[in-house]
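**Q** Residues per chain are reported as follows:
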Amino acid sequence: MGYQTVKFYQTGTYTVGNRLLAPDERSVQAGELRSNSINSGHRACQGCGEALGARYAIDAAMAESNNQLIAVNATGCLEVFSTPYPESSWQVPWIHSLFGNAPAVATGVAAAMKVKGKTEVRVVAQGGDGGTTDIGFGCLSGMFERNDDVLYICYDNEAYMNTGVQRSSATPPTARTATTMPVGKEPGNVFGQGKNVPEIAMAHNIPYVATATVADLRDLEYKVRKAMKMHGARYIQIFVPCPLGWGAASHDTIKLARLAKETGMFPVFEAEHGEVTGVLKIRNKQPIEEYLKPQKRFAHLFGKHAHPEMVAHLQAIADRNIRKYGLLDEEKAHG
Amino acid sequence: MLKQIEGSKAVAEAVALCRPEVICAYPISPQTHIVEGLGEMVKSGELTPCEFINVESEFAAMSVAIGSSAAGARSYTATASQGLLFMVEAVYNAAGLGLPIVMTVANRAIGAPINIWNDHSDSLSQRDSGWMQLFAETNQEAVDLHIQAFKLAEELSMPIMVCMDGFILTHAFERVDIPTQEQVDGYLPPFDPRQSLDPKEPISIGAMVGPEAFMEVKYLAHAKQMQALELIPQLAAEFKQQFGRDSGGLVRTYRADDAETMIVAMGSVLGTVKDTVDELREQGHKIGVLGIISYRPFPLKEVRAALVNCKRFVVLEKSLAVGMGGIVATDVRMAVSGTGLKGFTAIAGLGGRNITKASLHKLFLEAEQEKLEPVTFVDLDWDVVNKQLERERQNRHSGPIAENILFDKGMSTSAKFG
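From first to last, the protein sequence lines stand for chains P and Z. Each number in this note's numbering corresponds to the 1-based position in the first sequence with 676 added. Each number in this note's numbering corresponds to the 1-based position in the second sequence with 274 added.
It should be emphasised that the hints constitute simulated quantities derived from the structure, not laboratory data. Beta carbons: idealized from backbone N, C-alpha and C, even for Gly. None of the hints are false.
Over 12 Å on every C-beta distance to chain Z, these chain P residues come out as not near it, computed from the model:
#: 1; residue: 716
#: 2; residue: 723
#: 3; residue: 845
#: 4; residue: 907
#: 5; residue: 960
#: 6; residue: 976
#: 7; residue: 984
#: 8; residue: 985
#: 9; residue: 1006
Mimicking PhoX-like on lysine-lysine, the simulated pairs with C-alpha atoms at most 20 Å apart in a straight line are:
#: 10; chain 1: Z; residue 1: 645; chain 2: Z; residue 2: 560
#: 11; chain 1: Z; residue 1: 317; chain 2: P; residue 2: 792
#: 12; chain 1: Z; residue 1: 616; chain 2: Z; residue 2: 636
#: 13; chain 1: Z; residue 1: 560; chain 2: Z; residue 2: 636
#: 14; chain 1: Z; residue 1: 616; chain 2: Z; residue 2: 560
#: 15; chain 1: P; residue 1: 957; chain 2: P; residue 2: 1000
#: 16; chain 1: P; residue 1: 790; chain 2: Z; residue 2: 474
#: 17; chain 1: P; residue 1: 792; chain 2: Z; residue 2: 474
#: 18; chain 1: P; residue 1: 790; chain 2: Z; residue 2: 317
#: 19; chain 1: P; residue 1: 794; chain 2: Z; residue 2: 474
Hey, can you work out the whole structure from these sequences and the hints?
**A** Set out below in structure tokens:
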């Protein structure tokens, strides 16, 4: 993994400052040569995880491609907040076509570069979880199976945020969305639905699949850079909390991303050609409640009409992730 | 070079001569032979450099073409019928973004009921998508229109459908003059895009546009099609210079000079129409033909000029605006508005129903005597229609219409809904 053992970190957050690292180990984002691919002045909400994730991901891809990058964007928050006419935050060549076709458009861009012999120009496609796991899924799978030379990045905030927080196939069970309201016997999104697109991507045997969060930005940069060193179809799903959609404080974006990983709800791993090659271990395992309680989308699980059985079910899902991906070191797992 | 060749294969060869750089292929009858032909040429190295991409759907085919065209590559795909409908969102998007993609539409009916045979419902459903639409009368014209289409599309930075009748043209073996590479290179310059994704000069394509500018963008798409009205005849004239044949243009008339009755049509049916008109002319009837090649942009002025001296006209079309009547006829009537001309609409050939000379003979004579209904359904089996209407009156649970009709016509023995 891109993770390295660090001795000095900030108490509680486990983050480490760049100033404690040798210059060549510092992040792209900390460097003066960062490309600022998505510039300031865009209209994302305060605390937007997607804006942060996109900035780190695309700057890292720019660094690795020697600034020879073309970005394709699905319809969604990222597209809308970055390009309100007549402004654009994008400092890279960028195209938005439709909600469900970003992988195919990227295939076309990559084909154009290939046919023109511009092999140095690389292609990144990006979209939210709705654009990726639902409406764009057919094109995504097609791009994967053809092993087209595209890095696809999914910014996963677990619902259709741009249209007003509706359920997607990436929405977790029990979560309140506008189409899974916290009413009735099983409030919120139901158990037993949804799809794990990183695993489906792996089933295509593509060269690289990874997950990352905006809490571990160095890991995110490492994975993007690693993906950009490879050719063929690559997929990175980045967990990006959405303060508006989740009913969370803007200042809790990083904290929630970290808790998703530390509870096991969002396993952070990488895989090559269909095989898991590394996981980001849980450093300080937290009970699922720590992750759920700061988010209003899970508020109906607690309080006067609490649903402890649903919380327990979510904990079981997190525990299964921990077992399945080996997210805990042996001593921690049994200790 | 003269060849006895299948229409699809001829079009594949013509497209290859245009040096497309990215071709997206998804199978759908009756278009498939075209991309098969191109795929073989790319695989053999005959067509190079070119990326031939087997996509997972027509929606992806158009989306890949959007990406490759926006990145500066000459891009081509072909489709028909359900395939065109499946890609509609991307069809509109390609036009909205102003990408000069060329697409062959091997015209085929739209289901349900599913039907693979020819009519014009598919491309006409995209009438307002912003794509230009040129209709070929013959396989020679299909070949020639593709060569002109790339030039027209790239000059205006707008996409074009070259429409050719499914099976009737795509699967017909006939003599076609396939130009040489030198001829095509002399006519069609390399693609010099108006916009291109390039790290050297980063631009944003496809930004969100609100009420403050949306109308202007849409108007400019219209303005480009108005420019195409000028450009299409110019390109046809240049084509004649280079290749020595009349092909393309906006409209074409036949024996129209003193015609009192004019027949208006698009596509391959013009052949049958002309044969019928020849026979009627021999019998002394003053009848002529107006073929529309450019359906979008619609040449209002030229259509008006071609019809203004007749007394009546029939628009014979392979399409139906359900709940209204004709689609092409509506545009033709718009062209002649204020002239007081008597216009008839004849819907014919839906789902591949043969349009015979005998039927046209009868239709044209009735038109001449102005005995036609405003909208006529040529060779409609009224017995079957009335039987089904009666069935629906009698039985609340009358069942599926198409299956009932097949039974009534003796093509099915399963009479579930008597």
